[in-house]
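Counting from 4, one number per residue, gives the positions in the sequence shown under our numbering.
Using 27 Å as the maximum straight-line C-alpha spacing, the simulated BS3-like pairs for lysine-lysine come out as follows:
(1) K49 to K155
(2) K441 to K468
(3) K48 to K78
(4) K468 to K415
(5) K441 to K415
(6) K49 to K78
(7) K418 to K224
(8) K346 to K415
(9) K215 to K418
(10) K108 to K78
(11) K200 to K15
(12) K346 to K215
(13) K204 to K15
(14) K418 to K346
Keep in mind the hints are simulated off the structure, nothing from the lab.
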Amino acid sequence: MFQKMSKSIRNKYAAIFIGMVLGTILLCIVMNGLFLEKYYLFQKKKELLQVYSYLNMVEDTSIWQQESFQSELNKMTDRYHIEGLVLNSNSAIVMAFGNDEEINKLHLWDNIFLEKEMFPERPNSNPEPFQMQVMSDRRMQVENLEMWGTLKQGNFFLFRTPLSSIRDSVRLANRFLIFIGILAAIISGSIIWHLTKRVSKPILELANISQKMADLNFDAKYNGSTGNEIDILGENINHLSQALQETIAELKSANAQLQQDLEKKSQMDDMRREFLSNVSHELKTPIALIQGYAEGLQDNVFEDEESKNFYCNVIMEEASKMNQMVKNLMALNQLEFGENPIKMERLDIVDLIRNYLHSVDILMKQHEIQLHFSQTDPIFVWTDEYNIEVVLANYISNAIHYAGNEKIVDIKFEKRDNVLRVSVFNTGNSIPEDSINKIWDKFYKVDAARTRAYGGNGIGLSIVKATMENLHQSYGVTNYENGVAFWLEVELA
4 MFQKMSKSIR NKYAAIFIGM VLGTILLCIV MNGLFLEKYY LFQKKKELLQ VYSYLNMVED
64 TSIWQQESFQ SELNKMTDRY HIEGLVLNSN SAIVMAFGND EEINKLHLWD NIFLEKEMFP
124 ERPNSNPEPF QMQVMSDRRM QVENLEMWGT LKQGNFFLFR TPLSSIRDSV RLANRFLIFI
184 GILAAIISGS IIWHLTKRVS KPILELANIS QKMADLNFDA KYNGSTGNEI DILGENINHL
244 SQALQETIAE LKSANAQLQQ DLEKKSQMDD MRREFLSNVS HELKTPIALI QGYAEGLQDN
304 VFEDEESKNF YCNVIMEEAS KMNQMVKNLM ALNQLEFGEN PIKMERLDIV DLIRNYLHSV
364 DILMKQHEIQ LHFSQTDPIF VWTDEYNIEV VLANYISNAI HYAGNEKIVD IKFEKRDNVL
424 RVSVFNTGNS IPEDSINKIW DKFYKVDAAR TRAYGGNGIG LSIVKATMEN LHQSYGVTNY
484 ENGVAFWLEV ELA
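With the sequences and hints as input, model every part of the structure.
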């Protein structure tokens, strides 16, 4: 399994998103503290100037008395919370809105005539015909933004609007933003945590698949259905997995073939001499029998039809055995001379054995064999299907013919690291110790009479030896008190 990640994408993006939310809230708090009060005062000044401009836009003050003009002015002053009045040069009130007309009148004259005394820091000259300043009202304990001066018609005016406690508002707004920020960070963090899970889950799946590919396990496939770029990556990994599996199979086949070629040259001469010697020795007996019985037929030594048929049957049986021996010798010759091609592939060895057992089911019933074969789950290995089936067929066939006592044949599997050992056990007599190393030689028979009785010729285990050595895998035999087990090893896929 791949190493545990020290920095998860999911955690990283969740932290970034939460940090952005909190940073945005902090920025809002700082901006409120620095600029909200100034912006609020700017807006209030703008509202006073709007009322001033509305009154100043007419030349004839009689228009002020019109109902439409008064209605629009009242809407404006009510909306902006502005109160004030307009005086003519005789100090008579021409227009008033809001409460406290007399107080506002006195305040206006104070501002005009006592300007120097009340506002010593104000500049002496002002390009505009009005003044605007924040004033404290000790009686109401509030601050007002006041604007006073003259209109273009020559009338005096005073407008004032109360200033809310903007500093308290800023503190309250910042406190609220902190609360909202924490809540938003929790909610957004939860949302991003679940959203990133949908992104990180297929990525982790792809990482797991790539780790299995590194371990040469190509069964795992990506099956995403989100339709995004991750699915495209998953499909490419699936294609890569298939290509790697095929390439490894080709490389294993090429490697096996290369090793076979390297060993071929040095063995050819010795194998040729040994082959001719063994063939000439093994053919003596069946040829002598055929010749003898054929001469008997020629000399009419038989007394009846039954004897004649017996002679013919012996000749046919020996000829059949010779034919089978020649076929086995040809197969063995191809193996030993490296003329048998090897094609490595990934296959289920359990299924291969199960199919062969079905083909010899009648033979097992004839010999009253009790078969023990409990493996049901597939086991995948790297091997050559044809050659490994020949080996297993020899093992199982010998086990059926040599099974004694309880007549049990037991097929077992044992995993050892990256190797699978397959053993075929049969009850009966064990192999003598002095014959253990000889049974793999061509034409060697532990029990020659019994071997010949069922048609054996001592070549089967030689074929096993040559096949397993071509596959560069181990094989062998193990004696037990109640029987014997032949085994082979193949590489696990």
